[in-house]
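Fit chains B, C and D to the supplied structure of chain A, relying on the hints for placement.
If you want the building blocks of each chain, they are given just below.
4 protein chains.
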Amino acid sequence: MCRWLAYTGEALQPSALVLDAQHSVVAMSLNSPLGAETVNGDGFGLGWYPADASSPAHPAVFRSIEPAWHDQNLREISEAVRSPLFFAHVRAAAGPPIQQTNCHPFRYDNWLFMHNGSIAQFGLIKRELVLAIDPSLYPLIKGTTDSEVLFHLALTYGLADDPIAAVGAAIRKVEEAGHAAGVQFPMQGTVAVADGATVWAFRYSSQGRSRTLFHSADVPTLRTMYPEAERLAAFGDHAQVVVSEPLNDLPGVFLEVPESTVAVLDPTGYRHEAFLPA
Amino acid sequence: MCRWLAYTGEALQPSALVLDAQHSVVAMSLNSPLGAETVNGDGFGLGWYPADASSPAHPAVFRSIEPAWHDQNLREISEAVRSPLFFAHVRAAAGPPIQQTNCHPFRYDNWLFMHNGSIAQFGLIKRELVLAIDPSLYPLIKGTTDSEVLFHLALTYGLADDPIAAVGAAIRKVEEAGHAAGVQFPMQGTVAVADGATVWAFRYSSQGRSRTLFHSADVPTLRTMYPEAERLAAFGDHAQVVVSEPLNDLPGVFLEVPESTVAVLDPTGYRHEAFLPA
Amino acid sequence: MCRWLAYTGEALQPSALVLDAQHSVVAMSLNSPLGAETVNGDGFGLGWYPADASSPAHPAVFRSIEPAWHDQNLREISEAVRSPLFFAHVRAAAGPPIQQTNCHPFRYDNWLFMHNGSIAQFGLIKRELVLAIDPSLYPLIKGTTDSEVLFHLALTYGLADDPIAAVGAAIRKVEEAGHAAGVQFPMQGTVAVADGATVWAFRYSSQGRSRTLFHSADVPTLRTMYPEAERLAAFGDHAQVVVSEPLNDLPGVFLEVPESTVAVLDPTGYRHEAFLPA
Amino acid sequence: MCRWLAYTGEALQPSALVLDAQHSVVAMSLNSPLGAETVNGDGFGLGWYPADASSPAHPAVFRSIEPAWHDQNLREISEAVRSPLFFAHVRAAAGPPIQQTNCHPFRYDNWLFMHNGSIAQFGLIKRELVLAIDPSLYPLIKGTTDSEVLFHLALTYGLADDPIAAVGAAIRKVEEAGHAAGVQFPMQGTVAVADGATVWAFRYSSQGRSRTLFHSADVPTLRTMYPEAERLAAFGDHAQVVVSEPLNDLPGVFLEVPESTVAVLDPTGYRHEAFLPA
Chain A
1 MCRWLAYTGE ALQPSALVLD AQHSVVAMSL NSPLGAETVN GDGFGLGWYP ADASSPAHPA
61 VFRSIEPAWH DQNLREISEA VRSPLFFAHV RAAAGPPIQQ TNCHPFRYDN WLFMHNGSIA
121 QFGLIKRELV LAIDPSLYPL IKGTTDSEVL FHLALTYGLA DDPIAAVGAA IRKVEEAGHA
181 AGVQFPMQGT VAVADGATVW AFRYSSQGRS RTLFHSADVP TLRTMYPEAE RLAAFGDHAQ
241 VVVSEPLNDL PGVFLEVPES TVAVLDPTGY RHEAFLPA
Chain B
1 MCRWLAYTGE ALQPSALVLD AQHSVVAMSL NSPLGAETVN GDGFGLGWYP ADASSPAHPA
61 VFRSIEPAWH DQNLREISEA VRSPLFFAHV RAAAGPPIQQ TNCHPFRYDN WLFMHNGSIA
121 QFGLIKRELV LAIDPSLYPL IKGTTDSEVL FHLALTYGLA DDPIAAVGAA IRKVEEAGHA
181 AGVQFPMQGT VAVADGATVW AFRYSSQGRS RTLFHSADVP TLRTMYPEAE RLAAFGDHAQ
241 VVVSEPLNDL PGVFLEVPES TVAVLDPTGY RHEAFLPA
Chain C
1 MCRWLAYTGE ALQPSALVLD AQHSVVAMSL NSPLGAETVN GDGFGLGWYP ADASSPAHPA
61 VFRSIEPAWH DQNLREISEA VRSPLFFAHV RAAAGPPIQQ TNCHPFRYDN WLFMHNGSIA
121 QFGLIKRELV LAIDPSLYPL IKGTTDSEVL FHLALTYGLA DDPIAAVGAA IRKVEEAGHA
181 AGVQFPMQGT VAVADGATVW AFRYSSQGRS RTLFHSADVP TLRTMYPEAE RLAAFGDHAQ
241 VVVSEPLNDL PGVFLEVPES TVAVLDPTGY RHEAFLPA
Chain D
1 MCRWLAYTGE ALQPSALVLD AQHSVVAMSL NSPLGAETVN GDGFGLGWYP ADASSPAHPA
61 VFRSIEPAWH DQNLREISEA VRSPLFFAHV RAAAGPPIQQ TNCHPFRYDN WLFMHNGSIA
121 QFGLIKRELV LAIDPSLYPL IKGTTDSEVL FHLALTYGLA DDPIAAVGAA IRKVEEAGHA
181 AGVQFPMQGT VAVADGATVW AFRYSSQGRS RTLFHSADVP TLRTMYPEAE RLAAFGDHAQ
241 VVVSEPLNDL PGVFLEVPES TVAVLDPTGY RHEAFLPA
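Chains as they are written, first to last, in this note's numbering: chain A, 1 to 278; chain B, 1 to 278; chain C, 1 to 278; chain D, 1 to 278.
Next up, chain A with everything else stripped away, as it sits in the complex (with noise of 0.2 Å):
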């Protein structure tokens, strides 16, 4: 239903991936080849951990429901601010609203999510699933997406704590509450949270039939692979990013993240366990 990224490793102009690349964020909100939806533009959202913040990390939050393509703001945002962690999302509403508080990535304290993908028949297990939010966070949800739900579940049960083991319980609640209303595969999607300093990016769905989900290889390794690359010189040696699908042609570049599967990118590199094997 939407296009996202995830980048971490040496402070960065988001412009980088999300104008310049090739198949970049921009370019998939007009067009996508790997997506459930070609056109991504009901609106869009840039998250990032300003370079230069004092710790602990407080992240900024552009949102807004113009198509991202022709927006000026993101193009002058994009280029003006360095971050080190940065998401960025462009949405294909399932219906409307179109809203800012619809717009992906969700913040909490530190923590930044966005998701692609669906809660399957939300409307008939939404009250349920927001009478499982702790009621102190119940205020605080601002939208109507299935994804701020989500969110606020993972909050729920203990992101803060154990990133991957809420996002689990989050998902166990959402499967729960589908399959007792008859709903045959509940969950969808892939999902980023991070806390300033990791991402985490979670591909699953019910069905086992997730939408993609790819990472990058590490950086020498592709210096090694195409040492006339000028555009390169760009990145660190750090630099990672997770996204809905390559940001360009290059064979090699970038790697599918398997099925039912959590990838952690932090400052080690890329490692990715299982989840949520059935």
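Keep in mind that the hints were calculated from the coordinates and are not lab data. Since we're looking at a predicted model, the values are computed, not measured. Do not rely on the hints blindly, as some may be mistaken.
As the list claims (entries may be wrong) - 30 Å max Cα-Cα, derived DSS-like pairs, lysine-lysine:
no.: 1; chain 1: C; residue 1: Lys126; chain 2: D; residue 2: Lys142
no.: 2; chain 1: C; residue 1: Lys142; chain 2: C; residue 2: Lys126
no.: 3; chain 1: A; residue 1: Lys126; chain 2: B; residue 2: Lys142
As the list claims (entries may be wrong) - Beyond 12 Å from chain D on every Cβ pair, some chain B residues (computed):
no.: 4; residue: Glu37
no.: 5; residue: Glu256
no.: 6; residue: Arg271
Note that the Cβ used here is the ideal one computed from N, Cα and C, for glycine as well.
Quick look at chains B, C and D alone, frame taken from chain A:
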């Protein structure tokens, strides 16, 4: 927190009251002499039952997050349509989010609803109030305002069968929840609802110090009082308005609706009765 | 660069063609099979002569920078009004700015104007074209599009007196200026103008390879061709449409308007004649 | 018609002045005590030279048509960036259109420009002024304001070489054209321009009754005057501001810039000189 107007009578271009009056709704958006806030610039809405609609009437709603005062589309639409019953509302938000789903009027089937005022410390009791809404209505809530919750409470308590009793029950629920949470004066405001034929306008606050509300004197009387007022020629004999504050400075044209009162405007004219006396 | 539709005939809700057709204008905004661009998501406009307007007719215009596909206000308004002559347009901008003043249709007095296509290398000749506009009309230009300049050239050259000659003169001016600046094929596109009673639709390009344009077969004939088509009951015998591409896939319902042609749609029906043959 | 602020000094989060001051720019958008209009709700803009930009500096611009007072993105961005020189502007439009291209500041290469005030009877002389703009600059005009035309006149007259002379020549051109058209007092306002290192702030009107303009006293002096003012700790010794009206009510903190004066703010401090004496 807002200003609103409801009209019923001969089919009329809304622009006659929304744009062209001395203190029109659009003028109030920039400068409201009697408002709790001077500026009501956080979006607006126009709801109208089209003049040539087949019955049962289905109202149209045009809402925008732009300030009303320079909105070109509002000018166009309020001049291009004609309606025997319409609502206009300009919003002064207690806070973000500014989004169409937070603009009044709200609609359900053939019903329109709008509100000026607030539920005190809404965040404290929002969850309890939302839980009291009929689960079948719950997924229809699209925004984050106290007003939309109040509307869905009234729908839950039988708005379609007995509007006065249902709005009364909704307010009582707000007061019970508020008092239980230690809020002294939970409810404040004026509320209008309509079904396409009748307007019910409520003025009530827990403290007995409600937002202002006025209704127009009947037009034949006004023609006698002001025989040279050319502007009166624009209105039919059954034209009547209930509005947050007078649309002009002429003595006797606008009369205050008393505290703790519900006014009823229908083809037989204006009447009012006591509402929720302590 | 865009898609558009013009309707004339019995008063009709625009939603019948803007929302409800198989390939409605709203559907074309997200996916235009025959368009130069697949996505026409850079705003839209609806211009209509209200069904109950006193004469001379004054058209209303509703324009927005949101994509048409999820715009709630467009749904509301196109269902709530009725009109014997309306224009609908969805925009694919060659570039920013995306602003209401760049959305079609444009209006002057009782005239509406819209355009699909472009003036090649407009930046090169914009100043010369603007200088050719009547100085009394010059301050009325509010946006930055080539289309709005073309409209004001046509007004300068007598649109109100002889629409076909005036649009012809405007295009000739564009071609002269373009050729002088070394542009091989300065003009591209389809143009519609209306005065409230008649629609003139032009298909022309300097290269002789114009954007597509179609008109509907007459309704009595269609009733004979498709006696079981329930949808035809929604239309009167004088309903006719000219549109960038067919609104459905039924053979014989939409017929191509030839190259270098102006089509005229009025209460006597459809006719066309050669326009600006080389 | 507007309110603006320009800052230069140690790199600072714009939020310190845009959000956090007693009479911050955002506060002025809703309620400007000294403004020609109380409400400046017709959009806003933030222009800043990023703190870590390589030279020559290229400013970023974030503009929106929303009122500043509840805009979430403005809060986010003004807190997330740091800049040694930034402009902030809130607009009160003389009339529509409300569009991003009419929001200040305007930019050309490394230059920023903003304006409070107006060219009297602009419609009368707009065409003549636009014709005086260098044809190579003409296509860069994207909006409809007098301010943007004034900026492009100043660019035409050599802003990059001699800003004071160029702004003077632009204003003289406005006055000549206005007087020729029978306008008694063609120019009104305050103007700020910057090149990334220096701010030039002009206060001038043909009538000699210009909009208000103030500059801050130097910070070391303020520390002596107000030794217990904790807020001063947020500012470096070279922090200086020029602003439409004082940001707080403390005596001696903001000093008026005289009539017919240009103020120059650069790393050596504040100075001013006579500008266009009659």
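Hints, one by one, checked against the model:
1. Lys126(C) / Lys142(D): Within the cut-off at roughly 12 Å; holds.
2. Lys142(C) / Lys126(C): Distance of about 14 Å is within 30 Å: holds.
3. Lys126(A) / Lys142(B): 12 Å, holds
4. Glu37: 9 Å, violated
5. Glu256: Check passes; 27 Å lies beyond 12 Å.
6. Arg271: 38 Å, holds
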